[in-house]
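Please put together the full structure from these sequences, using the hints given.
Listed here are the chains, written in short residue letters.
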Amino acid sequence: MDTLILIRYGEIALKGQNRGTFEDLLVRRLEEALRPVGHARVVRAWGRMYVQGVAPEEVMPAISRVFGVVSYSPVLRSENDLDQITASAVAVARRHQSAGRFKVDARRALKSFPYTSLELNRLVGSAVQDACPGLQVDLERPDFTIYVEVRPEGSFVYSQIMPGPGGLPVGASGHALLLISGGIDSPVAGWLAMKRGIRLAGVHFHSYPYTSPKAQDKVVDLFRVLARWGGPLDLYMGYFTHIQEAIEDVVPERLHITVMRRMMLRLAEAIARQSRALALVTGESIGQVASQTLESMQVIGQATGMNILRPVVAMDKAEITVLARQIGTFDISSRPYEDCCTLFVPRHPATKPRLRDAEEAEARMPVDDLLKEAIARTEKLVIAPD
Amino acid sequence: MPYGSGTFIYLDNAATTRAAPEVADTVARVLTSEYGNPSSPHDLGVQAARLVAAARRQVARLIGASENEIVFTSGGTEANNLAIRGAVYRHSRRDVHVVVQKTEHASVLNTCQALEQEGVAVTYLDVDSRGFITPDQVLAALQPQTVLVSIMAVNNETGVIQPVPAIARALAGLPRRPLFHVDAVQAYGKIPLSPGSWGVDLMSISGHKIHGPKGIGALYVRNGMPLAAILHGGDQERGLRPGTENTPGIAGFGVAADLAAQAFPDAAVKMRALLEQLYDRLHSGWPDVRRHTPAGDDAAPHILNVSFPPVPGEVLVHHLAQDGVYVSTTSACHAPSGQPSHVLAAMGISGPELAGAIRISLSRFTTPEEVDAAAEIILKSVDRLAKRYGHRQAKK
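Keeping their order, the protein sequence lines are chains A and B.
According to this note's numbering, the first sequence holds residues 1 to 386 in order.
According to this note's numbering, the second sequence holds residues 1001 to 1396 in order.
Hints listed in this document are in silico derivations from the structure and should not be mistaken for laboratory results.
No experiment lies behind these values; they were computed from the predicted model shown.
For every residue, glycine included, the Cβ atom is placed at its ideal position computed from N, Cα and C.
Mixed in with the good hints, there may be bad ones.
A few chain B residues facing chain A, derived, Cβ under 10 Å [claimed, not checked]:
hint	residue
1	Pro1312
2	Val1315
3	Ala1321
Chain B is faced by these chain A residues, among others (derived, beta-carbon under 10 Å) [as the list claims (entries may be wrong)]:
hint	residue
4	Tyr208
5	Pro209
6	Thr211
7	Ser212
8	Glu245
The calculated DSS-like cross-link candidates involving lysine-lysine, where the alpha carbons are at most 30 Å apart (straight line), are [as the list claims (entries may be wrong)]:
hint	chain 1	residue 1	chain 2	residue 2
9	B	Lys1102	B	Lys1214
10	B	Lys1387	A	Lys352
11	A	Lys214	A	Lys317
12	A	Lys317	A	Lys195
13	A	Lys317	A	Lys352
14	A	Lys372	A	Lys214
15	A	Lys214	B	Lys1387
16	A	Lys372	B	Lys1380
17	A	Lys372	B	Lys1387
18	A	Lys214	B	Lys1380
19	B	Lys1214	A	Lys214
20	B	Lys1102	A	Lys214
Set out below in structure tokens:
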């Protein structure tokens, strides 16, 4: 009898011809996540995986952060032998309260095994009752369920099914660049993109010395948290100071935010093309601020030919906040340091800017030179999980 | 090259100072050669005990105290905590009252707020528009159960000197006198301090503000004054501050105090002259400069608090740092959750003047050349930034 972790993955098993590739990817992501723990080994078997060689409590936090995992269970494995299976079931039962109700849910996938599923339910149930005098079988309202699976590779007994994060393993969907501000929304947007299998990189725009260097530290700390779900991650510190100054100098105040966001997209696109990203990801959510009206998003989005993903576009602030707390980015996002988005906020930004006005204003700036300089002065960091 | 000069100009000496070379040498020597524990009976221990005793005399001398009145702590914050809690914890917390004023350092204000949670009553005195309180205000706030008055000597943001001797005199005439604590962290080595002859019972001082090491400070405890310990352990520092002595820090603090004593009062005169020279330059180059530090003897010789509205202080600080001039601000620039300076706010300063405040602080090693160069760099940045921020205001 030995202990291992059973990993279930739903979605990627459905993906037809790509199934093998996805499974390979999930194995690789699991191995990466488990590397800090040491001797864990990932074994594939017919639509599921097992993690062997480590104590479950050591690796479960890491597994809970691997996208593609639908659920996982610490299980006892034995030979396909009734005595060994009942011994496992008694051991699992003893981890629960000493008095209460339980049921057995057995599945015989190996049809050559001499007992049917129903027979197993009865046999294992009465063996557990005999061994643990406080426990009673109750099929209607059990306090816990003992699952028994008899399969070609062995018999598995467990009672816990922990939810995984779901989604697709990171890398399954290509590479995208997140525009990250330091606020609450963009890290959540990045996390949701990663959840769909995207390998993420980030770009933060700073206007030092108008903004504090601590605003950059904040973004690095946010990326350290995101890197737990599939790092290390590349983070570009985009130099925005001179662009910001140029906007302040020549663009009418009501269009500052519009033009600023358009310039950010252009700089992000340049970085994305260099790093072969296939899309940009933003934390925009409809109606939150002036730049996030449909009219604004339309005008801003036309600054780039790249696909823009907006994973939180239809979420409420409250919903985004709940996710930010779960992911662990909320407290970092709540630190006060300002970035370019909040430092130069005009009093009356346009909520319905017109593309023609934005283009006219931009014609007064040396856009190409500014971008060229900004790209040259942009630094790349590699952020490992904390 | 004069000490302290280099590729940048450091004018943030109220935050911390560069250790004097003699201090750094002493700390290194004690760490590597004379590293005994003063409690050990052998000669290395005796040597360490002698070092601590010598430093105690040096630190005491700068405030005219005797060596048995000095309790070494981990710094000014711990000294303030020990003074306030030590005075309050001698009494039952339910019927105890403390008087402080609103521009005290966070280590005083937050200690008082924590004591309020424990049931202690605290009065926070208002300051006037220049940042001062009066002895009469203190007297008016006293209650029968007042056990402690705590007033700082020099404000860390504005340099304002509170009338400590006058408050001590006013308290001395009372039949049931509360204890009087003075946070002198910014005053030590900068203005004359004489707690014994003034009638001050407790006084906090710190090493790293006078070119000593960080992590070392002291509380002056007037002879025979009972105080409750807030840490418990061995009998070091007469049981008021148990724990193996920080001998490198203490020895370095002693050397720093000795050097400050030698330099005083000439260094103070020189700093004041440089500070006024700096202000004159700034004022002639930018007449709209707002001065939050009073001129003359009402303020310490080393701190100048000014703003250049509408330039945000934090933006100016970052620009100056980029040009190699280090000054500081305590107010985060119009950040929704940032805390503007509680000191300037208590003086009634608000809006762009509050958001624009920067603190320039000199040391006795600051040179006239550094002051001139800094003034030029500050004016250049202010000119550039004021256009940017002023420009936006004009355009609407």
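(request) Hold the hint about Ala1321 of chain B up to the distance rule: shortest CB distance to chain A must be less than 10 Å. (result) 7 Å, holds
(message) Hint check: Lys1387 of chain B vs Lys352 of chain A, CA-CA at most 30 Å. Holds or violated?
(response) 29 Å, holds
(message) Glu245 of chain A was flagged as interface toward chain B. Is the shortest Cβ-Cβ separation under 10 Å?
(response) 7 Å, holds
(message) With the threshold set at 30 Å, check whether the alpha-carbon distance from Lys372 of chain A to Lys1380 of chain B stays at or below it.
(response) With a Cα-Cα distance of about 27 Å, the restraint between Lys372 of chain A and Lys1380 of chain B holds, given a limit of 30 Å.
(request) Mind checking the CB of Pro1312 of chain B against every CB in chain A and telling me if the closest is under 10 Å? (result) Cβ of Pro1312 of chain B sits 9 Å from chain A, so the hint holds.
(request) Report holds or violated for the interface hint on Val1315 of chain B, using the least CB-CB distance to chain A and a cut-off of 10 Å. (result) 5 Å, holds
(request) For the pair supplied as a hint, Lys372 of chain A and Lys214 of chain A, confirm whether the alpha-carbon distance does not exceed 30 Å. (result) 26 Å, holds
(request) Would you mind confirming whether the straight-line C-alpha gap from Lys1214 of chain B to Lys214 of chain A stays at or under 30 Å? (result) 23 Å, holds
(message) Given the hinted pair Lys214 of chain A and Lys1380 of chain B, is their Cα-Cα distance within 30 Å?
(response) 25 Å, holds
(request) Decide if the proposed pair is consistent with the structure: Lys214 of chain A and Lys317 of chain A, CA atoms, cutoff 30 Å inclusive. (result) 25 Å, holds
(request) Against chain B, run the beta carbon of Pro209 of chain A and see if the smallest gap drops under 10 Å. (result) 3 Å, holds
(message) For a C-alpha distance cap of 30 Å, please report whether Lys214 of chain A and Lys1387 of chain B respect it.
(response) Judged against 30 Å, a Cα distance of about 25 Å means the pair holds.
In terms of the numbered hints stated before, the structure departs from none.
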